[in-house]
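J.: Sequence:
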Amino acid sequence: MATRSSTSDSDVWRLDATKATLHAPQLAAGIDLLNPCGGLGQLLFGNEPIKGFALGVNPGTTAALSKHDLSDVYVRGSDLVATYAETNERPFSLQVYWRATIGVQGALLLDTILSLQTDLLESFPGLAVETELPAATAWLLPKEEAVATEVAIPCNLPGGQTDSLLLRPSQGNWSYAEMTHPEDRGESQIKRCEGDSLLVQVQRQLGGGFLEKGVIRCLRVRGVFLPRENDLELATKCLASLVTKEPPLTV
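According to our numbering, the residues represented by the sequence shown are 3 to 253, in order.
Simulated from the structure, these hints should not be mistaken for laboratory data.
Glycine residues also receive a C-beta, built at the ideal position from the N, C-alpha and C atoms.
Mixed in with the good hints there might be a few duds.
What the hints assert, rightly or not - Label pairs and their calculated CB-CB ranges:
| # | residue 1 | residue 2 | range |
| --- | --- | --- | --- |
| 1 | N158 | S199 | 12 to 22 angstroms |
| 2 | S73 | N175 | 32 to 42 angstroms |
| 3 | C157 | G197 | 34 to 44 angstroms |
| 4 | P51 | E214 | 44 to 54 angstroms |
| 5 | E235 | K215 | 20 to 30 angstroms |
| 6 | N158 | V245 | 22 to 32 angstroms |
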């Protein structure tokens with residue numbers, strides 16, 4: 003694996019070889035870039051540890067990402083960037099940006115930007131973004147003046163209904179909102195995790211459309227850890243700020 007720097011730091015990210023830690027207002031987390039499926043784990047909201055992980059990237063093929071696929075990793079400002087090479091089993095390269103910025107009312111926005119490219123004349127690459135966190139209830143967030151709606155766990159949500167979701171644990175002073183840009187949305191599944199019924203898995207299927215050689219496709223998912231008070235209102239504002247962003251041609 004070739005990397006630009008074995009160690010690198012920014013205001014929010016610290017990188018040591020293939021492991022990175024996030025140090026931001028209200029939230030700390032860690033990630034092993036050799037296992038992007040594990041997402042941002044070792045979560046700490048204020049002084050409160052949170053079990054599980056957020057924004058894991060699963061290539062959606064039978065060939066999981068491995069240490070041999072990680073070709074580059076670096077920190078640039080608010081971005082932690084990892085590049086995974088194209089393989090015979092997975093005919094597209096994948097560059098993942100985990101971006102940490104401050105949004106409305108001081109909320110920490112965790113944007114996962116997925117950049118897909120292929121050397122094939124045509125392909126249909128798809129992948130999944132997965133989160134596993136404690137949750138007692140799940141809510142579909144409103145658009146404009148609509149009202150938030152509680153959804154059953156488990157449930158399947160077709161594309162078009164999965165822009166934004168909020169998870170509330172039975173205990174703790176936090177909630178977690180996750181949203182897909184409307185142009186990138188696909189089917190989602192919410193279910194209890196096997197072996198730990200307190201954890202809920204949110205899996206978002208993204209991509210899968212036609213992609214030709216030389217074209218870069220970018221997909222976007224945002225996660226936000228929020229204070230429990232007024233969580234639905236703040237989460238809706240975080241969604242609105244994502245929707246108004248111009249889609250990246252490249253990252």
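J.: Against this structure, judge whether each hint is valid.
T.: These are the hints, each one checked on the structure:
no.: 1; hint: N158 to S199: 12 to 22 angstroms; in the structure: 19 angstroms, holds
no.: 2; hint: S73 to N175: 32 to 42 angstroms; in the structure: 40 angstroms, holds
no.: 3; hint: C157 to G197: 34 to 44 angstroms; in the structure: 20 angstroms, violated
no.: 4; hint: P51 to E214: 44 to 54 angstroms; in the structure: 45 angstroms, holds
no.: 5; hint: E235 to K215: 20 to 30 angstroms; in the structure: 45 angstroms, violated
no.: 6; hint: N158 to V245: 22 to 32 angstroms; in the structure: 23 angstroms, holds
Hints 3, 5, counting from the list given before, are not met by this structure.
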